[in-house]
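There are 2 protein chains.
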Amino acid sequence: MQPPKIASFQPPRRTLMGPGPSDVPRRILDAMARPTIGHLDPAFTDMMEQTKTLLRYAFQTENKLTFPVSGPGSVGMETCFVNLVEPGDKVIVCVNGVFGGRMLENVKRSGGVPVVVEDAWGRAVDPAKVEAAFASHPDAKILAFVHAETSTGAQSDAAALAAIARKHGALVIMDCVTSLGGTPVLIDAWGIDAAYSGSQKCLSCTPGLSPVTFSQRAIDKVKARGTPVQSWFMDLNLVLGYWSGEGKRTYHHTAPINPLYGLHEALVMLAEEGIENAWARHRAQHEALKAGLEKLGLEFIVPEAERLPQLNSVTFPEWVDDAAARARLLNEFNLEIGAGLGALAGKIWRIGLMGASARRENVDDCLKALAAVLGK
Amino acid sequence: MQPPKIASFQPPRRTLMGPGPSDVPRRILDAMARPTIGHLDPAFTDMMEQTKTLLRYAFQTENKLTFPVSGPGSVGMETCFVNLVEPGDKVIVCVNGVFGGRMLENVKRSGGVPVVVEDAWGRAVDPAKVEAAFASHPDAKILAFVHAETSTGAQSDAAALAAIARKHGALVIMDCVTSLGGTPVLIDAWGIDAAYSGSQKCLSCTPGLSPVTFSQRAIDKVKARGTPVQSWFMDLNLVLGYWSGEGKRTYHHTAPINPLYGLHEALVMLAEEGIENAWARHRAQHEALKAGLEKLGLEFIVPEAERLPQLNSVTFPEWVDDAAARARLLNEFNLEIGAGLGALAGKIWRIGLMGASARRENVDDCLKALAAVLGK
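Quick mapping for you: the protein sequence lines, in order, are chains A and B.
Per the numbering used here: the first sequence = residues 1 to 376.
Per the numbering used here: the second sequence = residues 1 to 376.
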């Protein structure tokens, strides 16, 4: 077989203002390019312990079992479901966008019995509906919801939803892929039992890692399972031997060394900034972007009180050719914004202000580019 | 919560001669540090198509469905099993080390009925036993074996094993984590239906990606399944929408952009060298290492005809304190070699000559360091 003649890849420089990945600071990219060492090297395992400490800060939790899963956010999601849902478990799952739908799919594939609470795409999950679902299904063992719906930009009241589940003795699984680091995520204060996020959103790292955290209640449920976890790779009973840091570290799989250097650096930067400052920065840039978008006549699909600052979903005028407009933004302005997903495909744009992308220069560049494309 | 005061991580420089990760060339690390772009950016999807072409060359296959799974080798393994094994399927699984054992675990968790063919750790899989297993279980639908056992350094005769399966109308799943790029892996010539590898072995990239390839027979089996694939993330029916390159690319998960830059570069380097030259280089460095190890009185555990050039497992004198010796290699010589795994823990060292680590300087440094530790 002849070797293909393919040159090294030189990516264009883009400004990333879609639903993730967000702009990755040079400091994080440089960290990823440091020399590779072994995954059982004491220097590496020390770094892992630091990463766990830093992640606890990001999640605002004391949970010992807090670590990055070696895969994208979808693997973090599946890790939560395959471990916590046992065949036959009733799970109340809230669907108000694509990622709630993906949770539902995970409940089914884990052998759970889903009870679906539906809300309109672009709206928060309605706590009254969740309360009603528990009233009809007092035997529900788990409540699952998306804190920050990446497909719509709607934020749900995680504290209220978790409190309902707690009252009914159910565990809580929360998707905070798009919220972690951009808007308050308070695992312990809210009483969340399992949460998963992604490295490439408000943490501004490259995609491929999924920070997760589990409460003691969650660990107890996993340890008490009567059936084995269906996934070998995601089985927390096995993963724990490597990540728990208790006693001898057991080989499970080869950790993605260099991406973990990058995540460590992203978390060091978050700690340096202070998480409250990061939240305030996302909020401030959102206010600036919002004012500009409204001036351009673009309307938000999410009511103001339910809006995520870091993900702005707007409709565009009917005369606009969606794909052509986004292609022009990319080719003329090197600007990436997000298309609509699922039921909202072709109907909205999703403009991200996540992590390092949440800065004034990006807001200004984006507004200028949009004005040009909209002929304003 | 107070932010933790943790500094940026500066890894030590190591020479990596364990069972992977291997030394990662600066060229690959630099590629990983290029600016992040979106996973649906046309520039990125073009790069993905190139990566598929380059991987076909590495696997020596025309298989259309050849791509890197967004996770470590263990996820590649699980992807093969959860897709190809349907509940109740009889699977002949060969166990001659840790990774054959992991295959067995995957068969069980996928609902398959395993028929185990056992061979001693340190030996190749015996084709006669596989033939006998098919004779006793003519209804077996799949044969699964490890081409290059990373826990022992034994290489099995993949062509012979696959031919037996073909004769009995069974599909073949092959682990080539440690062989791909280091020793011939001929997917099409051997008639392998599903194979998975890792980025961090003879491809010399950082860990975290798992190249896989599937034959049309394998795809047909996945498409004809009567039961859904238990994993959402690994379900090839869904993954295909993103990686197949046919028609519109559908969002499935956010691909690990920068690690994929690294893999692309590693594969460009392999094509530049020529895969036959890479195989010859691994063989030549093995011969040099072997001569030196024998001079030091270290004995190989694998019979010569069954040895992998890129992974050299040797016993060490009884008086040697395993952990202390390896710690000294690491601390005084910045050299990582591998410990024994599973039943061989504390009994052997595994010395890797994979990818960029397979060069004369590494061999010489390693032999000098071992001589010092052994007091020679």
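Watch out, some of these pointers could steer you wrong.
Which copy? The list can't say, so a pair holds if one copy fits it or any two copies do.
Dumping the calculated DSSO-like pairs for lysine-lysine here, alpha-carbon to alpha-carbon at most 30 Å [as the list claims (entries may be wrong)]:
no.: 1; residue 1: Lys5; residue 2: Lys64
no.: 2; residue 1: Lys295; residue 2: Lys368
no.: 3; residue 1: Lys64; residue 2: Lys368
no.: 4; residue 1: Lys167; residue 2: Lys376
no.: 5; residue 1: Lys290; residue 2: Lys5
no.: 6; residue 1: Lys295; residue 2: Lys90
no.: 7; residue 1: Lys223; residue 2: Lys108
no.: 8; residue 1: Lys167; residue 2: Lys347
no.: 9; residue 1: Lys90; residue 2: Lys108
no.: 10; residue 1: Lys368; residue 2: Lys129
no.: 11; residue 1: Lys223; residue 2: Lys376
no.: 12; residue 1: Lys90; residue 2: Lys290
no.: 13; residue 1: Lys368; residue 2: Lys90
no.: 14; residue 1: Lys368; residue 2: Lys223
Calculated directly from the structure, the hints in this document are not laboratory data.
Hints versus structure:
{"no.": "1", "hint": "Lys5 x Lys64", "result": "between (49 Å within a copy, 18 Å between copies)"}
{"no.": "2", "hint": "Lys295 x Lys368", "result": "within (12 Å within a copy, 71 Å between copies)"}
{"no.": "3", "hint": "Lys64 x Lys368", "result": "neither (46 Å within a copy, 42 Å between copies)"}
{"no.": "4", "hint": "Lys167 x Lys376", "result": "neither (52 Å within a copy, 69 Å between copies)"}
{"no.": "5", "hint": "Lys290 x Lys5", "result": "neither (47 Å within a copy, 35 Å between copies)"}
{"no.": "6", "hint": "Lys295 x Lys90", "result": "neither (47 Å within a copy, 65 Å between copies)"}
{"no.": "7", "hint": "Lys223 x Lys108", "result": "both (21 Å within a copy, 19 Å between copies)"}
{"no.": "8", "hint": "Lys167 x Lys347", "result": "neither (39 Å within a copy, 54 Å between copies)"}
{"no.": "9", "hint": "Lys90 x Lys108", "result": "both (10 Å within a copy, 25 Å between copies)"}
{"no.": "10", "hint": "Lys368 x Lys129", "result": "neither (42 Å within a copy, 70 Å between copies)"}
{"no.": "11", "hint": "Lys223 x Lys376", "result": "neither (60 Å within a copy, 50 Å between copies)"}
{"no.": "12", "hint": "Lys90 x Lys290", "result": "neither (40 Å within a copy, 59 Å between copies)"}
{"no.": "13", "hint": "Lys368 x Lys90", "result": "neither (49 Å within a copy, 62 Å between copies)"}
{"no.": "14", "hint": "Lys368 x Lys223", "result": "neither (54 Å within a copy, 47 Å between copies)"}
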